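Residue numbers (this note's numbering), protein chains in the order written: chain A, 1 to 435; chain B, 1 to 435.
Simulated from the structure, these hints should not be mistaken for lab results. Incorrect hints may appear among the rest.
What the hints assert, rightly or not - Once the Cα atoms are required to be at most 30 Å apart in a straight line, the calculated DSS-like pairs of lysine-lysine come out as:
no., chain 1, residue 1, chain 2, residue 2
1, B, K178, A, K120
2, A, K308, B, K120
3, B, K178, A, K178
4, A, K318, A, K308
5, B, K318, B, K308
6, A, K120, B, K400
7, A, K322, B, K120
8, B, K247, A, K120
9, A, K400, B, K120
10, B, K247, B, K308
11, A, K318, B, K120
Just so we're clear, the structure is a prediction, and the values are computed from it rather than from any experiment.
2 protein chains.
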Amino acid sequence: MANDQPPRPKRRGFLKAGGAAVAAGASLGAGLATSQNALGKTQPHALADPQLAVEPFYGTHQGGIVTPQQSHTYVAALDLTTEKREDVIALLRAWTDAAARLTQGGTAAPLPTGDAADNKAAPDSGDVLGLGPCGLTITFGFGPGLFTHEGKDRYGLAARRPAALVDLPRFNGDQLIKEKTGGDLYIQACANDQQVAFHAVRQLSRLAYGTAAMRWGQSGFLSGPRGQTPRNLMGFKDGTNNPSTAKPPLMNQFVWAGASADAPWMEGGTYTVVRRIRITLEHWDNTELDFQEQVFGRHKYSGAPIGKQNEFDAVDLKEEDKDGNPVIPENSHVRLSNQASNNGAQILRRSYSYNDGTNFYIERWPPWRQETEYDAGLIFIAHQSDPRSGFIPINDRLAKFDMMNQFTTHVGSAIFAVPPGAKPGSYIGAGLFET
Amino acid sequence: MANDQPPRPKRRGFLKAGGAAVAAGASLGAGLATSQNALGKTQPHALADPQLAVEPFYGTHQGGIVTPQQSHTYVAALDLTTEKREDVIALLRAWTDAAARLTQGGTAAPLPTGDAADNKAAPDSGDVLGLGPCGLTITFGFGPGLFTHEGKDRYGLAARRPAALVDLPRFNGDQLIKEKTGGDLYIQACANDQQVAFHAVRQLSRLAYGTAAMRWGQSGFLSGPRGQTPRNLMGFKDGTNNPSTAKPPLMNQFVWAGASADAPWMEGGTYTVVRRIRITLEHWDNTELDFQEQVFGRHKYSGAPIGKQNEFDAVDLKEEDKDGNPVIPENSHVRLSNQASNNGAQILRRSYSYNDGTNFYIERWPPWRQETEYDAGLIFIAHQSDPRSGFIPINDRLAKFDMMNQFTTHVGSAIFAVPPGAKPGSYIGAGLFET
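Extracted from the complex, chain A is given alone in its bound form (with noise of 0.2 Å):
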């Protein structure tokens, strides 16, 4: 089509402008740097701005595990519809690359510039120039069909399947929609911006083309008043009890996968459970405030456990009233979770709200209603090194008894081996394919 086109003032200008803003957004750091030293203490907020936060990503864990959260995140989940091993390892060579540079503030890879750059599409969808880097990460995972698919070993690399990475068990009450379920390889973006996450996850996705497709893409988000636990769509704070992250030993124990003899690849890897977990808001909000207080065994205001004073107060699990009953119930969310009930276990949550507008919904729970109703909920992601000792043992227990299950369903799930991060050169999963 460009041969009949009227002919186009060159933009070598518009691209070089272009150019540098994205030079400028790659390195950022130096440029709050600068900013501070020049504006001294007169700008405090400046450093806040969310817009300029920058993560690593090179290291030894990959970000988005235990970087404080960002309040967006758009996670996808893609099939390989290729054969070959070469295809696989190219793909994470190249999201390896794109990821660094889109966590730095870059685009995809450099726009090219002048009459080179018209008659081919752009490498980068341009929809978040100038936003900066906004905090993104980019966590990549394996689902297990990367190391079998419908019993084969496309990839020669079912031996290295690592135990932990199981399939996960049908839980009581799963209602799973097989497009929102499973899935080869997983991308979790997170950032301070919703167009900066899904710009991330696009512009990955694409470069997978003839090598992998979409399976299937959320988009979540968590709003909270600054520095405090944020609330959920339920109204009540979420990730409270988490194991703390400023603890290395904590995170050594429950979150990072140590070197076993089945995958020494996986050392300084986590294993990752997402969940789309549907709420029946409309049921909720038409819900005592008592009882709903009874179901998370926490006050909803104050995010104190029940019969406790503060948020952060110790959940007491032996506590009885005068009677002789537990002050928080047997089948609350926070007793029922809590890892006194889970053999000491833990994992750390990293969850997101969804908000999918309203869809026609048939709830299974009394009063079977049938009606146009918010498809909206929680994106659960749990981070643990043992799936076996972590998230199944624990939802078993929360999918027979917790109260909650009157007004979720959980519609979709998948299991990913987060390998460890990458070196500079190196991309993430070499580990997997090359030693």
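Starting from the known structure of chain A, fit chain B onto it as the hints suggest.
Quick look at chain B alone, frame taken from chain A:
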């Protein structure tokens, strides 16, 4: 169930704290001024904290029309299920009161305190406690079904339907989904936080139980570098050529409805068209840069009209190249939507991107792909004094000729009469029911 529960401590203390937080939210304007006085010019960024922004609710016009665009929206339409005129009035009164509170940072209704609060559902879901007003605006509108529903005049309003509130014609290429189209009542909540926007609609929708039911709801967002025109998901700046909201004569001409003989109650209101426009982002991303620019009629990176240097350079539709061909293509979006192509008509676009994850999609344009694709695009929102001279002729031309149609599909549509703002003590739409 409450009788069998173990005794619980009173939460008056917690609720007092909650109430104080709400009160602080309601007077953030004052708080901000104090902060400004106390700190002088040392904290210029504190003024720009998007959580602290507060917009007035009562006034000549409703908010959310010429209000500088917030970063998020949740728009919804409800269908009236009552047959009683007084139910509709009661709902509008309740909505007005709740919206006045919510926009100022309050809860939908005061939270009860002490034991009285426990045994009933709280009047607010509580999920944005402490978040501040976040610049929330709430805009209400009336769809054709309020006036006539399946030929029936349910509320004695048929004779008061404005001629300008037409049923939208079918446009070329429309592929409207019934469940995302139409509606008797419209709520548009815009805020600097995704959860705050949704929270508003959620409380208002709950107030409608028994009177109206959700027909569709949709979350939207807008990302952009500070102080610059945001880019939509196609990567182009969107909204450059909007009529300036800073120019009241332009707003009076193109946005605000006058006191027509058939609908004097609409004076100071506007007519709002909402279209859900799905964009085949995968297809667009693989399209040559110069073709993308021909489609828009603008340069992608600078936002300038083709042949110009800067974003805000005037669009010169008469300019020709040396061969006599138009520099801005005949079927480009900018030319077809320009007021010079539309008898001088202008509309105030205030659109948001949407991103509902992925679903299986059959594309109607080559290459007729059938695969899992992004369910993402634009929630097009346009305000105008009369859609018969605004959206309808403009979109009729676009639907027939716009090159962009290769990449976009209109899948949802609605039109509403948005009445003027309310006076304190009155309610939105009072002029329709009471004069």
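Quiz item: Which of the numbered hints are not met once you compare them with the structure shown?
Solution: As far as the earlier hints go, 1, 8 are violated by this structure, in ascending order.
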